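> Residue numbers (the numbering used here), protein chains in the order written: chain A, -14 to 178; chain B, -3 to 358; chain C, 117 to 514.
Do not take every clue at face value.
Below, a list of computed lysine-lysine pairs in the DSS-like style, where the Cα atoms sit at most 30 Å apart [stated by the list, open to error]:
| no. | chain 1 | residue 1 | chain 2 | residue 2 |
| --- | --- | --- | --- | --- |
| 1 | C | 444 | A | -13 |
| 2 | C | 472 | C | 207 |
| 3 | C | 330 | C | 160 |
| 4 | C | 207 | C | 434 |
| 5 | C | 300 | A | 36 |
| 6 | C | 330 | C | 158 |
| 7 | C | 300 | A | -11 |
| 8 | C | 444 | A | -11 |
| 9 | A | 58 | C | 419 |
| 10 | C | 160 | A | 41 |
| 11 | C | 300 | A | 41 |
| 12 | A | 77 | C | 434 |
| 13 | C | 172 | C | 158 |
| 14 | A | 58 | C | 434 |
| 15 | C | 160 | A | 0 |
| 16 | A | -13 | C | 310 |
| 17 | C | 310 | B | 334 |
| 18 | C | 293 | A | 36 |
| 19 | A | -11 | C | 396 |
| 20 | A | -11 | A | 0 |
| 21 | C | 300 | A | 25 |
| 22 | C | 472 | A | 0 |
| 23 | B | 334 | A | 36 |
| 24 | A | -11 | C | 330 |
| 25 | A | 25 | B | 66 |
| 26 | C | 160 | A | -11 |
| 27 | C | 419 | A | 113 |
| 28 | A | 0 | B | 66 |
| 29 | B | 66 | B | 51 |
| 30 | A | 41 | C | 310 |
| 31 | C | 330 | A | 41 |
| 32 | B | 145 | C | 472 |
By construction, these hints were calculated from the structure, which means they are not laboratory data. Remember, predicted model here, so these are calculated numbers, not experimental data.
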Amino acid sequence: MKVKVVTRDVGFLGKFYLPAVLMGLWLVSRHFFANLLFNKMTVTINYPEVKRPIAKRWRGRHRLTRHENGFIKCVACFLCEEICPANCIHIKSAEMPFDKSVEKYPSVFDIDELRCIFCGLCVEACPKDAIRMDTEIVSLAFTDRKKFDYTRNLLLDEAPDNKHTKYTNVPLPTSIEEALPNSKGVVADDLTN
Amino acid sequence: MLELLINPYIQTILKVIFLIFLVVLPSAALLTLMERKWSALIQDRRGPGRANIGKFTFLGIFHILADGMKLALKEDFYPAGTNRFLFTIAPYFGFFSAVTLFALLPITSPLGNFTFQIVDVNIGILMILAYMSFSIYGAVLAGWSTDNKYGMLGAVRASAQMISYEVFLGVSLLGLLVVYNSLRISDIVAGQNEYWFNGLIPKWGILTQPIGFLIFFTAILAEMKRAPFDAPEGESEIVAGFFIEYSGMRFALFFLAEYISLVGMAMLISTLFLGSYHFPWLLDAGFKLGSLPLVELPQWLVVFLRFITFGGKVLFCCWLIISIRWSLPRFKFDQIMKLGWNRLMPLGILNLIITILVTLLF
Amino acid sequence: MNSSVGIDKDTDLMEIEIGPSHPAMHGIVRFSVSLSGETIVKMKAEIGYLHRAFEKEAENSRYIQILPYTDRLNYCSAIINNCGYSMAVEKLFGIHTPKRAEYARVIMMEVSRISDHMTCVAAAAMEVGAFTIFLWFIKAREYLWELIEDFTGARLTTSWTRFGGNANDFPDGFLDKLANHLIKVQEVIDECDKMATTNKIFVDRLKGVGILSKEKAISYGFTGPMLRAVGVAHDLRVADGGYSAYSDFDFEIPVGEVGDSYDRYLVRMEEMRQSISIIKQASQKIPKGSHITRNRRTSLPPKSEVYGSIEGMIDHFKLIMEGHTPPKGEVYVNVEGANGELGFYVVSDGSGTPVKVRVRPPCFNFVAAMADMCVGHPIADLVPTFGSINMIGGELDR
Ligand code: SF4
Ligand code: SF4
Chain A
-14 MKVKVVTRDV GFLGKFYLPA VLMGLWLVSR HFFANLLFNK MTVTINYPEV
36 KRPIAKRWRG RHRLTRHENG FIKCVACFLC EEICPANCIH IKSAEMPFDK
86 SVEKYPSVFD IDELRCIFCG LCVEACPKDA IRMDTEIVSL AFTDRKKFDY
136 TRNLLLDEAP DNKHTKYTNV PLPTSIEEAL PNSKGVVADD LTN
Chain B
-3 MLELLINPYI QTILKVIFLI FLVVLPSAAL LTLMERKWSA LIQDRRGPGR
47 ANIGKFTFLG IFHILADGMK LALKEDFYPA GTNRFLFTIA PYFGFFSAVT
97 LFALLPITSP LGNFTFQIVD VNIGILMILA YMSFSIYGAV LAGWSTDNKY
147 GMLGAVRASA QMISYEVFLG VSLLGLLVVY NSLRISDIVA GQNEYWFNGL
197 IPKWGILTQP IGFLIFFTAI LAEMKRAPFD APEGESEIVA GFFIEYSGMR
247 FALFFLAEYI SLVGMAMLIS TLFLGSYHFP WLLDAGFKLG SLPLVELPQW
297 LVVFLRFITF GGKVLFCCWL IISIRWSLPR FKFDQIMKLG WNRLMPLGIL
347 NLIITILVTL LF
Chain C
117 MNSSVGIDKD TDLMEIEIGP SHPAMHGIVR FSVSLSGETI VKMKAEIGYL
167 HRAFEKEAEN SRYIQILPYT DRLNYCSAII NNCGYSMAVE KLFGIHTPKR
217 AEYARVIMME VSRISDHMTC VAAAAMEVGA FTIFLWFIKA REYLWELIED
267 FTGARLTTSW TRFGGNANDF PDGFLDKLAN HLIKVQEVID ECDKMATTNK
317 IFVDRLKGVG ILSKEKAISY GFTGPMLRAV GVAHDLRVAD GGYSAYSDFD
367 FEIPVGEVGD SYDRYLVRME EMRQSISIIK QASQKIPKGS HITRNRRTSL
417 PPKSEVYGSI EGMIDHFKLI MEGHTPPKGE VYVNVEGANG ELGFYVVSDG
467 SGTPVKVRVR PPCFNFVAAM ADMCVGHPIA DLVPTFGSIN MIGGELDR
């Protein structure tokens, strides 16, 4: 173990107030003039107008992903509900009425984003890559508590500025015929029962 | 009409109105914003800039309005156990002492018969010191009348600190009085437009009295309770000290008084030590450097240039005081006292003795 | 008319409650102080304002679910908590983490340590009135948090480690960014060093304040920078051969002489520099390999196996539905947290939920010693002393 004793000695100049004042003034005015004249060191970001680039791995609001044909990927296996430390995912499973290739789908898939601690364990637990946190939605702020209860369709209908999906604001296909590779233009139908 | 304007009393009243509404209040209000902006620049931030009217923010100037409105609309609040009378009057002491200072300081040289100074009394410096001590009452009464323990601690600290530093303030000025040989402000100002070495180096206070200047500057900071001497209100120890219970307009008075006195003190420093409104080598008739020929200037231009000079000096002093605040940590209370009595006091007396000796010998 | 402003008639002392709503107390601790004039004659610390029943929650959660709770212990250096807890569970399982994961852990732990020390020094400086230093340090901390964000996906609540490794490997371009940001951080540290370390006002505020003798510090159970400041060279990173990959690096342990707030400040400043040097060394020689063990009892199989093979799928389901099931037993693992010895005592009965997870928080002992350090000093000394112990509410109350 290498030990280093810190030097408590403040030196000759450290015995007087004036050098401290001058040193402080020098450092402070360097910042002052550099920022005043060239705006060089300012680090503030004008938040709502300018947004900081966030990391690729950032765990933002969840979204539910879809298959290529527009059907929801989630098979209601309850793994995410099981692992969630905050108990904020609520799933009800039902038989998939439209797509016969899968058995179950979530008829209800709620995430209470107020309880969620954004730990990302649900994403890790999902065996279907059905839930992700890559929406890049960093701030969730509403004046109404109920708005934080994200239902399945809200989680599917990603925010318009979301770059990670091509299914923005497209409802789930309601029959296997509608489940085309590009399912745009499908008639909306309320699937939350 | 014109006779009225020549009447000295009317003139004085006009000057007071001009001074309060066009110099004191706007500059203090601007300074509140400037302190925030400047500190932001120092700390690599942007500072306030969101308050807007329509699309215009003008570097955040509307924050002054917004802050003022917020304070004015706040509830008029008396905490339980308050002595209402003292609680109400306490903020006015500081305000009064801050504002009166402006009456005694000239802002530029006279234009003809018209002086840019409200009164020029022959005991000017004494009056300044006397008015300054008024603000102590404000702090003490405010702290005591709120019936708050933090307030009480702040008041005790404030009174001890301000009373002691008044002493050093006086001591530091003694040397200056010896040099310029007068208590009258205008004499001191005139004395600073004299030159050494055949018109090369101006006899400014900071050059004739460098040590006096340092002591005076320190004492002024302590007198204003500004950082690093803000132990009476040190927010991490005694929360806000003597004005802890104040809110709304009464708090605004304290706040405004602080900035008015900041401007006032900056003016005082410039007047006494930085050559007042004098620009080096700008004489009444025009520029004259050493033995070079005189460049003649009309009187109004000289007066105007001097006004600008004075403004620049005051701005510089404000900047200095604010920068010092943002560069230094706060003194502990006993260190303030030690600094005063152990260092400034002997230094001041030494300075006085040296000054007297030098004045007598040369 | 006025009451006597809280002065006790019999003892002539002023009873004053400092906190919890006091600027220097962060809302999470209260000191009942008796003042004679400005001098503290009696002092009692009242804690528990941030109690969130960590240990009770841990009894009802599965091992992996406790991991996010550990983020919230010392929220200035969440990664160290993550690592400590993971190491405890790994010890229960008796598994080893790959070298690459260890290096990543070391780098991120040291980044967290710098950010924690920065927070402490910055807050202490702010509390003695040096607001500029505070904001400069916060600016520098932002660079570190950007790194943490890039790596873990969150700035504060990282939940980054897993049992047997880490949640993910180094992101692209991380090392360049790391080197780049460390330079900026170093600049800020140097600048604040110039501003404060020999500044007479600052030194006067800290020197001789909050002294505790070596014997007392040991008997109070001090660890970390607080213990090193009194002159005991004890650092879990190197003591007993160290943990994780620390033995691969060459660094110094700064110790103080007197044990006052100034020593603590100096020790922390020096530790930041040493941490930077550790990070630099580590990022030079990151070994190849995996970021997590391929042990199916402890770590989820890779996604390709989950999607593509039935064994992978079953392992995945089993691990999540049952949780991690370490063998019966109990372990105590201590790591050098930014504040001192951070210990996790985990008892397992072989099921998916631990019987007990107990945390040994470093700053609990410091708060206990506050009265000893402050009595006899003026009230103005309480603030720098409190700033120098770096009390973190989440860790103290758990
Ligand atoms: S991020 Fe964590 S808390 Fe949030 S839903 Fe997923 S598992 Fe639950
Ligand atoms: S883990 Fe995935 S597939 Fe299973 S219920 Fe959750 S989102 Fe659906």
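> Take the hints in turn and mark each one as holding or not.
Hint by hint, here is what the structure shows:
no. : hint          : in the structure
1   : C:444 / A:-13 : 38 Å, violated
2   : C:472 / C:207 : 15 Å, holds
3   : C:330 / C:160 : 22 Å, holds
4   : C:207 / C:434 : 21 Å, holds
5   : C:300 / A:36  : 22 Å, holds
6   : C:330 / C:158 : 22 Å, holds
7   : C:300 / A:-11 : 25 Å, holds
8   : C:444 / A:-11 : 42 Å, violated
9   : A:58 / C:419  : 15 Å, holds
10  : C:160 / A:41  : 47 Å, violated
11  : C:300 / A:41  : 22 Å, holds
12  : A:77 / C:434  : 21 Å, holds
13  : C:172 / C:158 : 34 Å, violated
14  : A:58 / C:434  : 21 Å, holds
15  : C:160 / A:0   : 35 Å, violated
16  : A:-13 / C:310 : 26 Å, holds
17  : C:310 / B:334 : 25 Å, holds
18  : C:293 / A:36  : 20 Å, holds
19  : A:-11 / C:396 : 19 Å, holds
20  : A:-11 / A:0   : 24 Å, holds
21  : C:300 / A:25  : 14 Å, holds
22  : C:472 / A:0   : 54 Å, violated
23  : B:334 / A:36  : 50 Å, violated
24  : A:-11 / C:330 : 17 Å, holds
25  : A:25 / B:66   : 33 Å, violated
26  : C:160 / A:-11 : 35 Å, violated
27  : C:419 / A:113 : 9 Å, holds
28  : A:0 / B:66    : 45 Å, violated
29  : B:66 / B:51   : 21 Å, holds
30  : A:41 / C:310  : 37 Å, violated
31  : C:330 / A:41  : 48 Å, violated
32  : B:145 / C:472 : 45 Å, violated
Comparing the model with each numbered hint stated earlier shows that hints 1, 8, 10, 13, 15, 22, 23, 25, 26, 28, 30, 31 and 32 do not hold.
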